[in-house]
Amino acid sequence: MTVVQADTEVNAAAPAAPERRRRGVPKTLLNLLSVVLGVGVWWGFSLGGDIPAPPEVLERGWELIADGTLADDVLASLGRVLAGFVLGVALAIPVGFLMGWYGIVRGLIEPWVQFFRTIPPLAIIPLAVVLMGIGETPKIFVIFLASFLACVIATFQGVVNVDKTLINAARVLGAKDGTIFARVVVPASTPFILVGMRVGLGSSWATLVAAELIAAQQGLGYRMQSAQLYYDLPTIFVGLISIGVLGLLMDRLLLLAERRLTNWQDRR
Amino acid sequence: MITVSRVNKTFPLKNDRFVALGDVSLDVADNEFVTIVGPSGCGKTTLMNILAGLETPSSGQALVNGKAITGPGPDRGVIFQQYALFPWLTVRKNVEFGLRTAGVGRAERRERAQHFIDLVGLHDFADALPRTLSGGMKQRCAIARAYAVNPSILLMDEPFGAVDALTRVRLQEQLLQTWSQEKRTVVFITHDVDEAVFLANRVVVMAARPGRIVEIVDVDLPYPRTEELRLSPAFTALRNRVWSAVYHQEPVA
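Residue numbers (our numbering), protein chains in the order written: chain U, 1 to 268; chain Z, 1001 to 1253.
Don't read these hints as lab results, they were simulated from the structure.
Just so we're clear, the structure is a prediction, and the values are computed from it rather than from any experiment.
Take the hints with a grain of salt, since some may be wrong.
What the hints assert, rightly or not - Example chain U residues on the side facing chain Z (calculated, C-beta under 7 Å, incomplete):
| id | residue |
| --- | --- |
| 1 | R171 |
| 2 | L173 |
| 3 | G174 |
| 4 | G178 |
| 5 | V186 |
| 6 | P187 |
| 7 | P191 |
| 8 | Q217 |
| 9 | Q218 |
| 10 | S226 |
| 11 | Y230 |
| 12 | D266 |
Unchecked claim - Think about it this way: if two alpha-carbon atoms lie no more than 25 Å apart in a straight line, the pair counts; the simulated PhoX-like pairs of lysine-lysine are:
| id | chain 1 | residue 1 | chain 2 | residue 2 |
| --- | --- | --- | --- | --- |
| 13 | U | K164 | Z | K1183 |
| 14 | Z | K1014 | Z | K1183 |
| 15 | U | K176 | Z | K1014 |
| 16 | U | K164 | Z | K1014 |
Even glycine gets a Cβ: it sits at the ideal position worked out from N, Cα and C.
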């Protein structure tokens, strides 16, 4: 056994690249600056008197936190989003895999997926109310539908896009269909699935407020609806900001998962 | 021993059919190093895919040790031009992939993988992900991966086609060095005439439309092949002969 020495071709540029990116103004500082500027602009507009100023909204936020309303609303909304989203993703991943792997399944399911994709989930609400009543079911169903449709397409695309050479490489190394699926197709399509999950999460939140128009007793969307009746702008702002912050937090969590699971990818 | 006997492969076109291989016959002896060189469209990759078991001939037979090839098998290792490393696995895990599918135990897997990682000179990069490797290193990893399952035949489809000329020369020398230590039957496809002559016991020259073998050139130069040999008149003469066989082909009506 001889050791072949030949590492003049070691790719020295690769590890150096991230270093270079970190130079200049740190990204977090820019983000922070942007937030401060945005609040400043908001404050500026509020001087016109049409919208509440930041301190007013902050004060209302404290009130809603103090009497527990905000926590209850957040929990109710979060529960709906999570239930719908988790169900949607849990169904979308196997269906997407089956569509990508078996031509028959794809032929049978794709027309329906494409058809329902063109209907905004909100347009399903009237039907959902008639069929499922006004309890939690129609709300969760609409969110489920939104996240399912976003995620199923991404998963399916991921499976279809798996490099044929990688599948051949696995086959010539003795892998059979089951192994190829578990050890090549699944990891290779993970980045697509995670992107699909993020899009699905986005549409889940987008659907939430409308879903809470259906005779809800609690929830951020409901709170904003009832605030609208009393011209209670600060509460609407608190609701908007809460939804934004929650959506952002969940998206960051998914992004973190994505980074960890797919750090093998080449990134720009 | 590889036996290709009167293999035809046609692909249907819109109104016509494309003859990728027309009546190709070839024997490759055990532990022989054969290179196949020819212009694009001469069916060399199709021939390799048939040997790998990824495609089936339209007619004729491809045999390994007298048995017809029915699909991919661990007796034949394949090295692709595009490396085809699993990007989510480290060098070590890539090399272990075939051993895992063969059900080799953890300890033995690790030991055998390490042996071939050392053999191709990637010991310092065993736990690196493919994206951090250069093209030449990726291809060496692919060679180690193919070797690890201990195939008696190595099929290489333009493995050095995507690396720069300097790296290519080194990879050729390393491949011969690895081959001389771990003798295998090698079928090596290339479009580079120098490479074909430098590596092979025999150079098979193919032509296109229909894909066929036009000439087989014996390379009776001694191993180990060195830089002096590459610059010697004997090498140049063989190279010129292969060159004219490749570049001055009469089209068949």
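Checked hints:
no.: 1; hint: R171; verdict: holds (5 Å)
no.: 2; hint: L173; verdict: holds (4 Å)
no.: 3; hint: G174; verdict: holds (4 Å)
no.: 4; hint: G178; verdict: violated (10 Å)
no.: 5; hint: V186; verdict: violated (10 Å)
no.: 6; hint: P187; verdict: holds (5 Å)
no.: 7; hint: P191; verdict: violated (10 Å)
no.: 8; hint: Q217; verdict: violated (47 Å)
no.: 9; hint: Q218; verdict: violated (43 Å)
no.: 10; hint: S226; verdict: violated (49 Å)
no.: 11; hint: Y230; verdict: violated (54 Å)
no.: 12; hint: D266; verdict: holds (5 Å)
no.: 13; hint: K164(U) to K1183(Z); verdict: violated (30 Å)
no.: 14; hint: K1014(Z) to K1183(Z); verdict: violated (45 Å)
no.: 15; hint: K176(U) to K1014(Z); verdict: violated (33 Å)
no.: 16; hint: K164(U) to K1014(Z); verdict: holds (24 Å)
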